[in-house]
Structure formats: C-alpha cells, structure tokens
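Letter by letter, the chains look like this.
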Amino acid sequence: MKTFFKRFYIAIIFIFLYAPIATLIILSFNKSKTRSKWGGFTLNWYISLFEDETILQALWNTLLIAVLSSLIAVVIGTAACIAMQSMSKKMRTVFMGITNIPMLNADIVTGISLMLLYISFGIRFGFSTILLSHITFNIPYVILSVMPRMKQLNPHTYEAALDLGASHIQAFFKVVFPEILPGIMTGFLMAFTMSLDDFIITHFTKGAGIDTLSTKIYSEVRKGIKPEMYALSTIIFITVIVLLFVINVSGKKSSQNTKNKAQR
Amino acid sequence: MNKKKLLATPYLFWSVMFIIIPLCMIFYYGFTDKTGAFTLENITAIASAEHFKALWLSILLSLISTVICLLLAYPLAMILANMNVNQNSFIVVIFILPMWMNFLLRTLAWQTLLEKTGVINNILSFLHLPTLNIINTPYAIVLGMVYNFLPFMVLPLYNALVKIDKNVINAAKDLGANPVQTFTKITFPLSLPGVISGITMVFVPALTTFVISTLLGGSKVLLIGNVIEQEFTQTGNWYLGSGLSIVLMIFIIISMILSAIFDKDREGALL
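Quick mapping for you: the protein sequence lines, in order, are chains A and B. Each residue of the first sequence is one higher than the one before, starting from 1 at the first, in my numbering. Each residue of the second sequence is one higher than the one before, starting from 1 at the first, in my numbering.
Just so you know, these hints were derived from the structure itself, not from any lab. Be a bit skeptical, because a hint or two may be false.
Unchecked claim - With a cut-off of at most 27 Å between alpha-carbon atoms, the simulated DSS-like pairs for lysine-lysine come out as follows:
id, chain 1, residue 1, chain 2, residue 2
1, A, 37, A, 223
2, B, 185, A, 37
3, B, 3, A, 174
4, A, 151, B, 5
5, B, 220, A, 226
6, A, 89, B, 5
7, B, 166, B, 185
8, B, 220, A, 33
9, B, 185, B, 163
10, A, 226, B, 116
11, A, 2, B, 166
12, B, 220, B, 53
13, B, 163, A, 6
14, A, 90, A, 151
15, B, 3, A, 90
16, B, 3, B, 116
17, B, 163, A, 151
18, B, 220, A, 37
19, B, 5, A, 174
As the list claims (entries may be wrong) - The following label-pair restraints were derived from C-beta to C-beta distances:
id, chain 1, residue 1, chain 2, residue 2, range
20, B, 90, A, 32, 33 to 43 Å
21, B, 168, A, 32, 53 to 63 Å
22, B, 38, A, 50, 49 to 59 Å
23, A, 235, B, 33, 48 to 58 Å
24, B, 17, A, 208, 16 to 26 Å
25, B, 90, A, 71, 25 to 35 Å
Claimed, not checked - Listing some non-contacts, in silico: residues in chain B with all C-beta distances to chain A over 12 Å:
id, residue
26, 38
27, 40
28, 79
29, 182
30, 185
Ideal placement from N, C-alpha and C gives every residue a C-beta, glycine not left out.
The whole structure should be built from the sequences, with the hints applied where relevant.
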C-alpha cells in the first residue's frame, strides 16, 4: 500500500513535469495552425521546417553559441579549478564567492548589467555579445562540477608522475585529467543545456537582427507560434533522449569491460 | 606552485570584466539621473503606488510558489532518496531533461492545457467536475513558477537527503522515536542545507521573472520583473530600471547570505 502511494506520487509529479512536453509533441503533428484545435495528423510542419530559413538560422545561432560558450567556459573554468587547488583557503573562498554571484543572482539583473556594460564600452550588440554573456553564466556551472572531483584527487599521484620523469603537462594530461574528466563532462553538459535554454540574458544582450530559438519564439508569442517550432523542438527532444540512451548503454558496456579486465 | 595560480588569471579577468564591473554599472545608473548627478529618486520610485503594487504581488506570488515547491518536492525527494537507486544520474536526468525543450514553449504549452476549452477542462468536464478558469490570472502564474522551478527544489533536497547516514535514522528509531519525531528531530534538521538552497533557487528566479507573467498572465498581471524589463526595452529609462533592480538585489542578497550561512559546503551542491 505504501509503495503504491509512493509510486502514485512520483507518477503525478512526472505527469506534471512532462504534460507540457507531450502537448508540444502532439501539437507538432497537428494539421490545424491554432493551438486549441486538433485538425488531424500531418507531417507537413516537419517538411516546411527545413525550408524555413529564419528558424534554421536561429537554430544555427543557438547551437553555435551553446557549443562555443560551453567549450570556452570549460577551458577557463577548469584552469581556474586547478589554480584554486593551490590557493590559500581565504583566496579560494573569495573565488567561490565570485563564482556564486551569477548562479544566485537573478537572470534579469545579470542580463541588464551586461547590457549596460556593452553600451558603455560601445560594444556592438550581436553574436559576440550573446557569446560573451553565455560564457559568463556558464563558467560557474563548470567550476561547480569540476571542483568536487578536484577535491577527491590524491595530490601524491601528480607528484609521483613528476618524480617518475613526466613533465608538468604530461603529468596533468596522464594523471589529473582522466580523474577530473567526468566532472568536466558534467560541467560541459550543464553549461550546454543552460545556454540552449536561456532566454532572459539573451533577450537583453542580443541586439536587433540576430535571434536564437528562445528570442525567436518570444517574438512570435503575440502573433502565434509557427507550428514548425513545435516540430523542431520535438526533433531536438527526441534526439537528446536517443543520445542519452546510447551513452547510457555504451557507458554500461565499457564499465563492464573494465571490470572484466580487472578480474582477469 | 606559483605557476599554477597563474591559471586563474583568465577567470579572474573574466569575472572582474563581466561580473563585477557590470554590477557596479547597475549601481552607477541606479544612483544617477540623466545629467549624471547623484540622486535617490530611482530607488525611492519603488514606493510609488504602481511599482509597489508590482513588487508586492511579485513577493506574494513567489513566496506562494516557493512554499508549494517545497511541499511538493520534499516528499518526492524523500521517496527518491530511499529508493536506493544506484544511478543518481538517472534522477538528475529526469529533472534536467525537460530543459531540452525550450522553456518558453513549455510554458506556452500550459496555455493550451489551461484554456477554457483546453485539455484539462475537457478532461474535467468529461468527469463531470467543475472546470478551471485560471488562465490569465495570478493562479496561472503560480502554476507556471512551480512548474518551471520545481527541479531546482528537488535536486538540492535530494542531494541533502541522500547524504544522511541511515544509521542515524535507525538509531533514533531504536531509541524509541516515532516516525514524526524521527522526521522533525533528525531528518529535517539534517536536510536543512538542501531546504535553504532549494528555497533560494526557487524564490530568486520566481521573484524576478517577467516571462512567466507575460506568457500565462495575459497582459493583465504586472510583476516587478515586467516593470524593469519595460524600462529597459521599451521606455528606455535605464536609470529607473537600474534603481528598481537595486531594490530587487536587496532581496537577492538576503537570500545569498542565508544560503551562505546554512550551506557552507556549497561547492558541488549543484549535482
């Protein structure tokens, strides 16, 4: 009985979280252009999606910014984590405090503050301002994912590698890097997701003439969302689920392989 | 060893340039007028009837949403933490996954679900239950906030609850505590860092949102986030917008301090 209630509760929350997503997927197959009516099944939106230049351009901008900003954030963030390891506790607290500012601050304040910065420094609004802003809010996600891994690291293994004749760079890439790699991967994925899903900060820092998917959707809210948007987000969502499944399966296999090897 | 510290230079430069200086700019604009002279007018503007109403409504709605999130998330986090799933990542994925569908679209989907002739009302009338008419009201905004920010409550709670040593709970039971006592004296106090972290992670974005109120409140409901957004993108009065943002930041700073006090081991609390 107890387990029934528990399962029921999880199911309710699950439906609450995924009902809008199911709605969007259904709408992507809806023949009628209005959201509130079901006009029959169609795949037309999936076809016209690939002929819609503005949506494809917005998709390209979104993906490019997400990839670039999370890669740059990973490099800067990981370097900062390595440096923080050799800092005094006080310095580290200061750094972590600064890291927490964009995490805890409201998006609207971050967005406005960056907008004011670009205006007063005369930076032209466009792709580069969005990219700079996304890097800024992505670095904390990288640091917060890499730092715990860094702390678990045994510092003596690095020293042992140096004693055995490895250069600093060799020692880092052969000893430290593999250990913190899971943290870096999580950080990258978090940063990528946040960049992809961001609207507020992009809204304030984008300027005219450039759109990401979020800002494009926002500009369409009043005149009505193009059904192609539903088709596109369905494709993205399904792709992610498939990728996660593949990664999970292959991840399990490889960990089993290493286990088998260890047993031998 | 000193060479290693140099690796922090790019981050140091970045955070000064894109975090510290921009925040100073808000304070500069907030405390000056168009001629550049010092003024408090932009701050005191919050007391005007229109702005104060928006701020009050924002505080009210975000508090309600935070409480609902906590009440919904705590039992869920407890169930998940006790399930002994080896794959922590699986639980994280379930809550992160919705973010891959655009946040604006997901919120808009609630319009479709909540409309007078929408999906939910169709189901309700099929079951001969009274229909819901909450679209374009503050209730719909609360629903949108709970929907969007619930994961930010579940994840820190789950992290805090999973860390609790089961032996402590068993010891309490052995010593004769009933389930309620075990919860109020052991489980809840030990999960407090997660509770505080969850509260701040829901309250701050809910307090400052302008998107959810635009999408689900029609144009009838104005939150403080909407006021600030309009000052920047429509009216173009950055001074007033900055001044109102400073007022908002007071609330944000209070929650930052609270989370710093209660949650000393924040590093890695994210996942």
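*Hey, residue 90(A) versus residue 151(A), does the alpha-carbon distance stay inside 27 Å?*
Within the cut-off at roughly 16 Å; holds.
*For the pair supplied as a hint, residue 2(A) and residue 166(B), is the alpha-carbon distance within the 27 Å limit?*
Status holds; Cα separation ~19 Å.
*asked:* With the threshold set at 27 Å, check whether the alpha-carbon distance from residue 166(B) to residue 185(B) stays at or below it.
replied: holds (14 Å)
_Next pair to validate is residue 163(B) with residue 151(A); report whether the Cα-Cα distance is within 27 Å._
holds (17 Å)
_Using Cβ atoms and 12 Å as the threshold, tell me whether residue 79(B) really stays out of contact range of chain A._
About 5 Å separates residue 79(B) from the closest Cβ of chain A, which leaves it inside 12 Å; violated.
*Starting from the hint 16 to 26 Å, judge whether the C-beta atoms of residue 17(B) and residue 208(A) obey it.*
With a Cβ separation near 24 Å, residue 17(B) and residue 208(A) satisfy 16 to 26 Å, so the hint holds.
*Can we confirm that no CB of chain A comes within 12 Å of the CB of residue 182(B)?*
Answer for residue 182(B): holds, closest chain A Cβ roughly 16 Å.
*Given the hint that residue 3(B) pairs with residue 90(A), does the C-alpha gap stay at or below 27 Å?*
Cα-Cα ~19 Å, so holds.
*Could you let me know if the closest chain A CB is still more than 12 Å away from the CB of residue 40(B)?*
holds (19 Å)
_Distance restraint evaluation - residue 38(B), residue 50(A), Cβ atoms, bounds 49 to 59 Å_ = holds (56 Å)
*Quick one, are residue 89(A) and residue 5(B) close enough, alpha carbons at most 27 Å?*
holds (13 Å)
*Taking only the CA atoms, is the gap from residue 3(B) to residue 116(B) under or equal to 27 Å?*
Violated: residue 3(B) and residue 116(B) sit about 65 Å apart, past 27 Å.
In summary, the structure is inconsistent with hints 2, 16 and 28 from the numbered list given earlier, while agreeing with the others.
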